[in-house]
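Protein chains in written order, with our numbering: chain E, 1236 to 1597; chain Y, 1236 to 1597; chain C, 1236 to 1597; chain V, 1236 to 1597.
There is no bait here: all hints are sound.
Where chain V lies over chain E, by a calculated footprint (3+ residues, C-beta under 8 Å):
# : region
1 : 1238 to 1251
2 : 1256 to 1262
3 : 1306 to 1315
4 : 1341 to 1351
Result set (DSS-like, lysine-lysine): computed pairs, CA atoms no more than 30 Å apart in a straight line:
#  : chain 1 : residue 1 : chain 2 : residue 2
5  : V       : Lys1545   : C       : Lys1512
6  : Y       : Lys1545   : E       : Lys1491
7  : C       : Lys1441   : C       : Lys1562
8  : Y       : Lys1491   : E       : Lys1436
9  : C       : Lys1562   : V       : Lys1512
10 : C       : Lys1545   : V       : Lys1512
11 : C       : Lys1441   : V       : Lys1491
12 : V       : Lys1426   : C       : Lys1491
13 : C       : Lys1506   : V       : Lys1562
A short, non-exhaustive set of chain Y residues, derived as facing chain E with CB atoms under 10 Å:
#  : residue
14 : Glu1398
15 : Val1447
16 : Ile1476
17 : Pro1479
18 : Gly1519
Just so you know, the hints here were simulated from the structure itself, not pulled from any lab data.
Keep in mind the model is a prediction, meaning the values are calculated, not measured.
Every residue, glycine too, gets a C-beta built ideally from N, C-alpha and C.
There are 4 protein chains.
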Amino acid sequence: MSSSFGTMFKTTTFGESHGAGVGAVVDGCPAGVEISRDEIQAQLDRRRPGQSRLTTPRQEGDQIEILSGLEMGLTLGSPIALMVRNRNQKPGDYSNMANIPRPSHADYSYRMKYGINSRSGGGRASARETLARVAAGSVAEQFLRSAFGVEIIAWVSRIGAVEISLSESEIDGLSRPDIDATPVRCPDPEKADLMILAIEKAAAEKDSLGGVISCVCRQVPAGWGEPVFAKLDAVLAYAMISIPAAKGFALGSGFKSVTMTGSTHNDCFVKDGDRLKTRTNFSGGVQGGISNGQAINFSVAFKPVPTIGKAQKTADYDGCEVILEGKGRHDPCVLPRAVPIVEAMAALTLADMALQQRCAHL
Amino acid sequence: MSSSFGTMFKTTTFGESHGAGVGAVVDGCPAGVEISRDEIQAQLDRRRPGQSRLTTPRQEGDQIEILSGLEMGLTLGSPIALMVRNRNQKPGDYSNMANIPRPSHADYSYRMKYGINSRSGGGRASARETLARVAAGSVAEQFLRSAFGVEIIAWVSRIGAVEISLSESEIDGLSRPDIDATPVRCPDPEKADLMILAIEKAAAEKDSLGGVISCVCRQVPAGWGEPVFAKLDAVLAYAMISIPAAKGFALGSGFKSVTMTGSTHNDCFVKDGDRLKTRTNFSGGVQGGISNGQAINFSVAFKPVPTIGKAQKTADYDGCEVILEGKGRHDPCVLPRAVPIVEAMAALTLADMALQQRCAHL
Amino acid sequence: MSSSFGTMFKTTTFGESHGAGVGAVVDGCPAGVEISRDEIQAQLDRRRPGQSRLTTPRQEGDQIEILSGLEMGLTLGSPIALMVRNRNQKPGDYSNMANIPRPSHADYSYRMKYGINSRSGGGRASARETLARVAAGSVAEQFLRSAFGVEIIAWVSRIGAVEISLSESEIDGLSRPDIDATPVRCPDPEKADLMILAIEKAAAEKDSLGGVISCVCRQVPAGWGEPVFAKLDAVLAYAMISIPAAKGFALGSGFKSVTMTGSTHNDCFVKDGDRLKTRTNFSGGVQGGISNGQAINFSVAFKPVPTIGKAQKTADYDGCEVILEGKGRHDPCVLPRAVPIVEAMAALTLADMALQQRCAHL
Amino acid sequence: MSSSFGTMFKTTTFGESHGAGVGAVVDGCPAGVEISRDEIQAQLDRRRPGQSRLTTPRQEGDQIEILSGLEMGLTLGSPIALMVRNRNQKPGDYSNMANIPRPSHADYSYRMKYGINSRSGGGRASARETLARVAAGSVAEQFLRSAFGVEIIAWVSRIGAVEISLSESEIDGLSRPDIDATPVRCPDPEKADLMILAIEKAAAEKDSLGGVISCVCRQVPAGWGEPVFAKLDAVLAYAMISIPAAKGFALGSGFKSVTMTGSTHNDCFVKDGDRLKTRTNFSGGVQGGISNGQAINFSVAFKPVPTIGKAQKTADYDGCEVILEGKGRHDPCVLPRAVPIVEAMAALTLADMALQQRCAHL
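Chain E on its own, in the form it takes in the complex (with noise of 0.2 Å):
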């Protein structure tokens, strides 16, 4: 526990890196809502590795399978199960690392918590498992998209030392084939370049790099999320921490706030049409908890990826003095490929959010 996430719109995780397959059972999906598989193929190719000489060379090819929920393309209401079959599994790969923990990865903690060793090397916490996120997440922004319209972006904001800034109108312009643009999946192509200038030198060291990604959801209806506890920010920042590899959330002017004042801070509204919209969006569209009508935006830091090639002095289970080799294909930079995590988990908590508020007045 706890492999599910949502109260209406839930979503089941299971499989680990190294078993039949991966998969997600989507619960609560409205009746009639219509789904693309290709759609949600699409999403799984822009997480898979091997896109780009930046990520790791492994072909994973993962084919998404529609077990139920379906019927002639069309929400039956019915769970909507999910999986992805698990190929080209080199177990021994990992073998040397059979007795030792990967530094900063989940081999000690999951061995202190289940009292057992999984042989296999990852389980559930290796990046596969985001397979069933990100296939889940697409259902859920197909969802969105045809009852209001929302629309789901995420970039690549910032890799290691180099970052970008863009200001609300350039965002509010940004487009799936903008951000697809460059490899990195940064819009800004300069950056982009020195992005991948930073990551093949880091792969070359046989280390790692971290970065931002940046996402902004548009038209979100005013009045989603849920006080007092399940707040749409809240949420938002349980799905994302939970993403591996994350180590910050930040809604808005996130840590950047605490240099500002009050009166510089405040969005203040003005008319717009039958409604109100305020003049600044320091708030990220959410207040209180709920949205206001802006447009939600939101970042996520990540840490840079543990497995690393590098010599690393560390112990053993047994606390024995080792230099660690990672031995196994993996990416220096994992950003590029989180961005349809991002932007999946961002779907999953406002479809949530969007049944929920179906039951907010008489």
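Given chain E's structure and the hints, the job is docking chains Y, C and V onto it.
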């Protein structure tokens, strides 16, 4: 929905700022735990307004009432209902805001959510709701201490531009009396003076300041936290961002991790008696979402409080431009009072994880 | 755990029979519902002991207090906290039972569960906890009536050997005043007299009687109930068997269905305006776990209350044989007072299903 | 929603009768439990159609596939995904029913719920969904047996008018081979013959029969079950009534309790080693919603299956009168095949309660 937090150690809060009172029902606290009413009250007193010149002069004098769940000072296993009666209600103070949604406050988004406009100034989005969290959190903390020796200490690490930085050994030595030694709850007395000056300056300008609260949880056994979604750090992020005015969450190295490489960021293992520990703790005590036995540490960014006396140009619900000058008695900076709230939410998170871990293996 | 009932319309109860009071927090009632305090009180009065010579002479005089969630008589969307203070506590009445687990009561199993022995006579297993259900159920009922016109009517259909049988059209015509016209809440006055005689005879023998309560829910729209587990009838069964002393649940034809064949039991369809209805209603208004628009009807069997004055040969906690003669003031038959409890649990079930149905299709 | 059952030992099922397959994800099974695939398969085989002339001749030959959660035959603590592929699909058999809601089946209520009409014959309301329950239930049963020695045995105690009655000591001696000795799974061979005759007569008339399944759970420790709502008996009732065609639930004395008085119905205590036991067990092993260490026994009434070959006068969706003659291959009586389903749901209930009990005291 959802006013509940937790799966096995579950807290439900209730109450509006201007109704009969606020309270919490804690369901799932194991039987046989000694609970001190005085300790709950002590944490409430730390949250109370009017403790110093830095906070609003309201003297709420909130007294905790334990309605159920205890007998002879021991928990029965049944729900523990806790309540604080409201006093000193002056709804009139908010009357000029009746038709004006306060900028960066929840008025507008609540109205959009519920389709009604609560007459009273604040409702559930009020900081007063956090009383219930602090009371419930104290129960959780007492359970955690008696069952595991867990210690939870939070402090103000930044106000506006004034920031402190503590070494791991300095953090190891912190106690609540250290924190409470300065009115801003910053353990560095010199920086505390600067923070006080900054808050007084903001107050004089009828403005407000934000800041950062840091927290350490000691003696948390390895193994707490649930893959895949309910990771310990993910639930902490959820808990923290659910606190009013929180805008960012960072575990361990947080956003700073992105400036490091895998080889410098990885926490390598060394022998520690018959277990392992890590040489560094950039992970903040959590790996793969599960505690690894090291100190858990994290930070939460709080925006400057939106309710200020300074004139703001905004719009009323009809879209007409208005000049708003808040007249209520509000803190220029909530950080010092939010310290026990952060501790409470950390305790509620850990108590739930502690119970879930009881189900992890045969 | 778990003191909560419901997913979207969620009620959490608290309170011991001999503590400060008992109460409920209703979270998830939509905003904008008109709630009458008097109507809640009226249902509590129907549950109250001492209404007639058939029930215990205790005059609890329980007054409902609404602590939160309402403003100007309308729900705010926030949790509705309801409480009844305990009065007239006479824990001494139970003192001779301190070391004797009462037969067929919860004393022994509670002690085995919690590893402690609550000093007070009853704790959470007390019938007094049902006060909280009735109060919360009245809120649910008021929501259901104002939103859908749903009517819920329960009555005593059997006491000991005395049983009534009503035709579907007689059931259609029942109202609460009809039910309350006899002190046993049996709508057949002649059978009611026989029931009263039976109860008086049991009382004279310091013994107790059980019986059956039947219930009909009218105007429930088709489509409520969730496959696969949270079927409307399954949740009703859960709700009913959670009532103290309930031993059996039957929907529609219930156990009598086993004497019929498919061809006689099937409810065939006929045209009904622009919808369909069924010619018979052996299904009790639920098919495949989902309401079909017909009246929902079910029955609940209650055992004879275990607390009796008659001497019983049993054992104390040490295993020593003892003769136990209950001295507390207890009803010889709880059925008449349990009628509003059955109604309350039906209302809580239906309110949750009503909200969940809002999420069923696009 | 909700296709999940359980809080800590949580099962989510998926799959339509005419899609790719049906399956379950079991989340929360503790790590380190030995799970036998053969034992899961054996229970599936007992549920399988075509075991004898009494059941439909379809040879589903369902083979269980374990997709995740096990390594070397031991649970990992991660979700256990189980799946059975659909074969032998003949949707055409149902084609003449496309516009006719089958009486007492879920067709009409599903259409009213979801606003769509699933083309395929059955969807989630199909008995085939119970495959997933049986597979998940076997996992739960294996956990319960290895951790506590719990035994769960169900049998057919009534078909139509033919009923058996077993003494407590006869029940104590029952084993699964005893049950499976007759094709109707009735442990009384003479009554079994009468039941077979009754079923054959119904089949000859293209009609169907209902009946009662009884179940005993042995070696359940005292203390399982949660006050106030999630009582062990209440959750059992929920679990059982969620099985297709179930119409009634009775714990212990059940509906017969109403014919007794408190003094005859109470289960008095006697010494049993260093614990207590009860002299009788009218309570069915549960008091105050919590197991008391005695055998848990209960019964479930199943209506005659609604799908029959006999002509029925009913209406199509347009309200036009039609004569419906079912042509699919369906059992005249599902009771024998429902025995492992009852066992599975009992196991899922008890496994969840076993885990929750781990959190009951300090």
